[in-house]
Amino acid sequence: MRTDLQIIEQWIQPGSHVLDLGCGEGALLDYLQREKQATGYGLEINPDHITTCMSRGVSVIEQNLDTQGLHNFEDQTFDVVLMTQALQAVRRPDHVLDEMLRLGREGIVTFPNFAHWRLRWYLMSRGRMPESETLPYKWYNTPNIHLCTFKDFEALCHRKNFRILNRTVVDGEQRDRWLSRLWPNMLGQVAIYRIARQED
Amino acid sequence: MPDSLPPDSVGIVAPQTLHFNEPLALACGQTLKAFDLVVETYGQLNADASNAVLICHALSGHHHAAGYHRMDDRKPGWWDSCIGPGKPIDTNRFFVVSLNNLGGCNGSTGPSSINPDTDQCYGPDFPVVTVKDWVTSQAMLADRLGISCWAAVVGGSLGGMQALQWSLTYPDRLRHALVIASTPRLTAQNIAFNEVARKAITSDPEFHGGRYYDFDVIPRQGLMLARMVGHITYLSDASMGEKFGREMREQAYQFGYDAEFQVESYLRYQGERFSETFDANTYLLMTKALDYFDPAYEFNGNLARALSEARCEFLVLSFSTDWRFTPARSEELVNAMMAARCRVSYAEIDAPWGHDAFLIPTPRYTDIFTAYLDRVAREVRA
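Protein chains in written order, with this note's numbering: chain A, 1 to 200; chain B, 1 to 382.
To be clear, the hints were calculated from the coordinates, so they are not data collected in a lab. Cβ atoms here follow ideal geometry from the backbone N, Cα and C, with glycine treated the same way. You may find that some hints are simply not true.
A few chain B residues that face chain A, going by a derived Cβ cut-off under 8 Å, partial list only [claimed, not checked]:
1) A339
2) Y346
3) I368
Pair ranges (Cβ atoms, derived) [stated by the list, open to error]:
4) B:R144 / A:N64: 44 to 54 Å
5) B:E309 / A:S132: 46 to 56 Å
6) B:Y269 / A:P143: 44 to 54 Å
7) A:H17 / B:I232: 37 to 47 Å
Just so you have them, the derived chain B footprint on chain A, three or more residues with Cβ under 8 Å [what the hints assert, rightly or not]:
8) 46-52
9) 67-81
Using the sequences and the hints, build the whole thing.
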């Protein structure tokens, strides 16, 4: 399992009811079901990923966040709503975050950090839109239409009055390194945040 | 006559009639004292009887779902594309049971059967049976076959409703329910189409209040019309367009009222053929069973509450161009399942054939069907 998923897994209580937005092949849900007696659903639009989920016994629903939204779920239905590496690809990340915390007590989000030093260097030295292992696309064909930095994300959380319960970063090899923890916005490649609404 | 059958066919199969001498109390308040069910089975039941799959048929379906009755049969069973060795419902692994439902006209007790009380055909006196009644009779069949828990109950359209009903009536007697191109309840438009079909039949002068057997006639015109209008709702605008377009039988307009467009003669042919093989009273009964199906009814319309009893896992599939039971109807069902915290997977399959798509193997449909049932098979060690 990817390092970011291993980190997320530690933040999920046994028996949680989980919604995974963009669940891919269902690796995380599969693990949570087996090891943590979690229940819940993955939403996915990739047909091959959907079939893989079905064959491994992960409950998967074909649903497009951009066109269908999440109106079909009632408030506070889930303990945790997850979205790994998909925030930057949705049409309105701010709306999705609102929805995540409407449906769930907590939200867990991971996304690539656009302020990583390699990307900064790429743009500064070449004057071209950065490409990297985590962002292997051209500007015109990338699904990542809303890239942001850690600072941007935290500013949004602040504006929306979300609480940041945990944050961690991993580097390109998806390792949790002390150096990237020290200076995350420069050295972290993937951000992992656990957020909740402010308590009244 | 072909001298060999396709290698992925279940081969030559023979139906068997099972007699049930136990009373069956029906939703309408009447009781059937005894009844017959015609059944076909494919594959072998394993030692712990854990690999059984029940196939539930749709409006005009029957027990002959796969294989051939004779070497010279023109066509195999109605779901042969999905049932057989190596097919999605793999008969090398599963023991597949397919029946003709009560009220049918293919051998199971129905309106055209002899009423033991009168020694005449039941005709209109045959009670209206519901999806729930079918499921009850199917459970009696399961008992007879020594199956305490189905690995899966599978059905498309009206068959999907039976799979859903199984999960509510006998939550502990199935592991999986596959609800394909179905709906948790009919819409007003669905009921309206059924009513047109019924009116076509009952207003045929040869209908004789449903006692046409006594007059040695059948309400041919009515049944034909019913099938024609039904058939339109099974196809999509696009698939009809592709198949027929505005193609004509003659070069020029005839300025008359005979079938000139190919689509007209196709519909007439389908209707005529159907009217020769299907019983009008059964058609009335099946459409009524469709109209009445509404598991949420007893729960003040709250489908999620109805589903809170379900224990099995669900696979729900819809087809993009199905306008009879649209993807939105399947999604309504899936949302209620999720609200009830059922284990459910859902996919909307892109297919141009309208409602009939559930009978036509397309790559994605076959992939999903195969992947899902492979897991079911692994689960029951089949």
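A quick look at each hint next to the structure:
Interface hint at A339 of chain B: satisfied, since its Cβ lies 7 Å from the closest Cβ of chain A, which is below the 8 Å cut-off. Taken as an interface hint, Y346 of chain B checks out: its beta carbon lies about 5 Å from the nearest beta carbon of chain A, inside 8 Å. Annotation: I368 of chain B was flagged as interfacial toward chain A, and the flag holds, the nearest CB pair being 6 Å apart, inside 8 Å. Checked against the hint of 44 to 54 Å, the C-beta distance between R144 of chain B and N64 of chain A comes to roughly 46 Å, which is consistent with it.
Between E309 of chain B and S132 of chain A the CB atoms are about 51 Å apart, so this pair conforms to the stated range of 46 to 56 Å. Our hint of 44 to 54 Å for Y269 of chain B and P143 of chain A holds, since their Cβ atoms are close to 49 Å apart. Checked against the given bound of 37 to 47 Å, the beta carbons of H17 of chain A and I232 of chain B, roughly 44 Å apart, stay inside it. Judged by the Cβ-Cβ criterion of 8 Å, the region 46-52 of chain A is covered by chain B as claimed, because 4 of its residues qualify and three suffice.
Note: the region 67-81 of chain A has 4 residues with beta-carbon separation from chain B under 8 Å; the three-residue rule is met and the coverage holds.
Going through the hint list in order, the structure satisfies each hint without exception.
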